[in-house]
Amino acid sequence: MTDAARVPSPAINPRPRISLRIDPRSLLPLAAILVSFLAETLLPNHEKLRNPDYTEFRYLLGILTAIFAALIAAAVWEGDVRKAAKSRTLFTISSGAMALLAVLRFGGISQSKYSGFLYLSAAVGLLLFVLAVSSLFIERIRALAAKPGWATISLLLFLLFVIVDHEAIGGSPYASAVLALTVVDILALLVSLVLMLVKSLSVALAKRGVFIAALILFLGVLNVVTAKFLLLPQIYFPSLSRVIHVYREEFNFLFLDCLLNSFILLCQGVGIGLVAGVVTGILVGWSQRWNYWLNPFVRILGPIPTSTWVPLAIVMFSRPRSAAVFVIAFGVWFQISILTASGIQNVKKSYYEVSSTLGATELQNLFHIAIPDALPSIFLGFFNATCSSFAALVVAEMLGVKNGLGWYINWQKEMLAYPGVYAGLVIMAGFCYVFITIQFKVRDKLLSWQKGVIKW
Amino acid sequence: MVSATGAIIAKNVSKTFTQPDGEEISALSNMGLRIEPGEFVCLIGPSGCGKSTFLRLVAGLIQPTSGELFLDEKPIAGTGADRGLVSQDPTLFPWLNVYNNVAYGLKIRKVFNEKKADAQTYINLVGLTGFERSYPHQLSGGMAQRVSLARALVNEPKVLLLDEPLGALDAFTRMNMQDEILRIWKERGTTMLMVTHDVDEAIYLADRVFVMTPRPAKIEQVIKIEIGRNPNHGRSRDDPDFLLMRAKILQILNFTGHKHALEYNL
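Chains as they are written, first to last, in my numbering: chain C, 280 to 735; chain Z, 147 to 412.
Heads up, some of the hints might be wrong.
Stated by the list, open to error - Some chain C residues judged to face chain Z by a derived CB distance under 8 Å, without partners named:
id, residue
1, P590
2, I593
3, F596
4, E632
5, V633
6, S635
7, T636
8, A639
9, E641
10, Q643
11, H647
What the hints assert, rightly or not - Covered stretches of chain Z (chain C as the covering partner; in silico rule of three or more C-beta atoms under 8 Å from a C-beta of chain C):
id, region
12, 216–223
13, 272–278
14, 287–301
Source of the hints: derived by calculation from the structure; they are not laboratory data. Glycine included, every Cβ here is placed at the ideal spot set by N, Cα and C.
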């Protein structure tokens, strides 16, 4: 046993030394911000439509500066700070603060137009808080609580609260407490999110630095062209400050009425279309008899463009909302059913044979072989369908729906209020991006067995 | 633990396939045979002689045009978990990992909860311990074929139908797998019916070799291999009797012309 003493004990890792070196490309975004800011402040504003003194572009640059400074700081300190335990604690603090705030605000919420929605959000916030706190004591849920998704949700919920209730902030001690919490929460969440989301922040930052800097420079040039030198028609090409001003003025309406409404409409349409499409596709792909009767309808009705259904949809449904859902669902149904059917028909016959020799019945072959094997194809159909459903959404919102993103953009266009059009477009782009990204995440989770998955 | 079940009887079995242009092709005609329980039988012959067709008939994947097939006195009608099939292509389900591929038969027959341990037992038996979470695309050809073997074995079939299971493997993996199959056969006592192109493989493994010839597809000769097996693997490949047996089979298959026959007659 004396030999054991001579064996050197495993080297204890020394505390990683922090290197303050950073790739110069990471600093490019900050340089671009500086250039844009100088151009914005030094050149006089010439925009004469409405109020010429909008300076929201400076706020945007300020926020960007804060974000990039935080990112660069995090990248520099990465070696030391990037530890799961610390980000978990940060997450706990932040979502705890979030939930506390939500509870404190219950009084104010009840008078809000969006109270039902806010109560729901508050409940989710509290749930997250309980999850985060219990993760400190219960080992088993620790990994679950540290998932970046939860932090993202709590951040979004929190921002929602602050924005909807922003009148409450101002003067009173309650408001000061809220403000302090806001700062702590956003900072904590930002850091924990960055640490959890980005595996190697400094590499990512250096890689993306040039692109982001170019993007910021583009905004800066756009600002100079529109607000400073008036090189483009003012009505159609408003300055960035005026576009951002729309968000300040109509935030609640844009996000809580229009975005939420579009989201719900899209979910209903896509959901119904998805279920109908998968069922039709399975029937057509699996059963000869169903194929005989259904396939001609799918082939003849399916390719008709969504907008062509509008006149019929209005007659078929008494409520314009149902008509809008129908128009979206129809396009989704066709694309998904075609690809589901082809996926099921292309299942290798030998899979069925092996499954049968292992004792499977016909029905078991359908659920255990055909559907899992067709899943990649079904998801491909779902992806195509989702992309075209955004187009269908805009068409659907012309059917007398009271509000929505597509409706808002059209309305602003008719009022010749182009800042609103651009504001709407930006939200639309972000919305579609998030929608498809979530879909791809779900797909990657379900189809992790596939070798070469389609990247998004 | 040699099981007393797993006897296969074929009575005048014929199978004719109809081509799309209406022409009929006879894959098997009036085939009759009896395989004893727990026996290891190899079907050997050139391609197109109906070996695989016969295996698929026993598996119940296709029905004979005329004649009857029995498993332990019961007529074979359709597929069943009592006859496992392993083919040249492992055909693993790519969406399931190794464990779930092996456990598939248990889940399908709704006995997974009672026989959960079996899946692991057979994964260990084919030497894939530690690969339970791997997906088929991460496995080599030999490993995939082992999984396919374990998947068929987990149902504890009375008969294991092996359709050139080692055909696509390299020489070393193949020799390894032959010993593996022999070991499993000795351990489980399952009746083995194996189709192969490889005369050496047939002599190495089988109790009896059925030599088949095409056009008309029939069993030309049944050869009982009486060379003793080594305790831990099959027969010695360099045994003079082994070589003689090989020459004999090749002669039946018409592969040895007169000039070669001389060599063996020495």
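Outcome of the hint check:
1. P590: Cβ of P590(C) sits 44 Å from chain Z, so the hint is violated.
2. I593: Constraint on I593(C) not satisfied, violated at 43 Å.
3. F596: violated, 39 Å
4. E632: holds, 5 Å
5. V633: holds, 5 Å
6. S635: This interface hint holds because 4 Å falls under the 8 Å limit.
7. T636: holds, 4 Å
8. A639: Hint holds; A639(C) Cβ to chain Z Cβ min 5 Å, cut 8 Å.
9. E641: violated, 11 Å
10. Q643: holds, 6 Å
11. H647: Nearest chain Z Cβ about 7 Å off; hint holds.
12. 216–223: Since three or more residues must qualify, the claim that chain C covers the region 216–223 of chain Z is violated, with 0 doing so at under 8 Å.
13. 272–278: With 0 residues in contact (Cβ-Cβ under 8 Å with chain C), the coverage given for the region 272–278 of chain Z is violated.
14. 287–301: holds (count 3)
Violated hints for the displayed structure, listed by number in ascending order: 1, 2, 3, 9, 12, 13.
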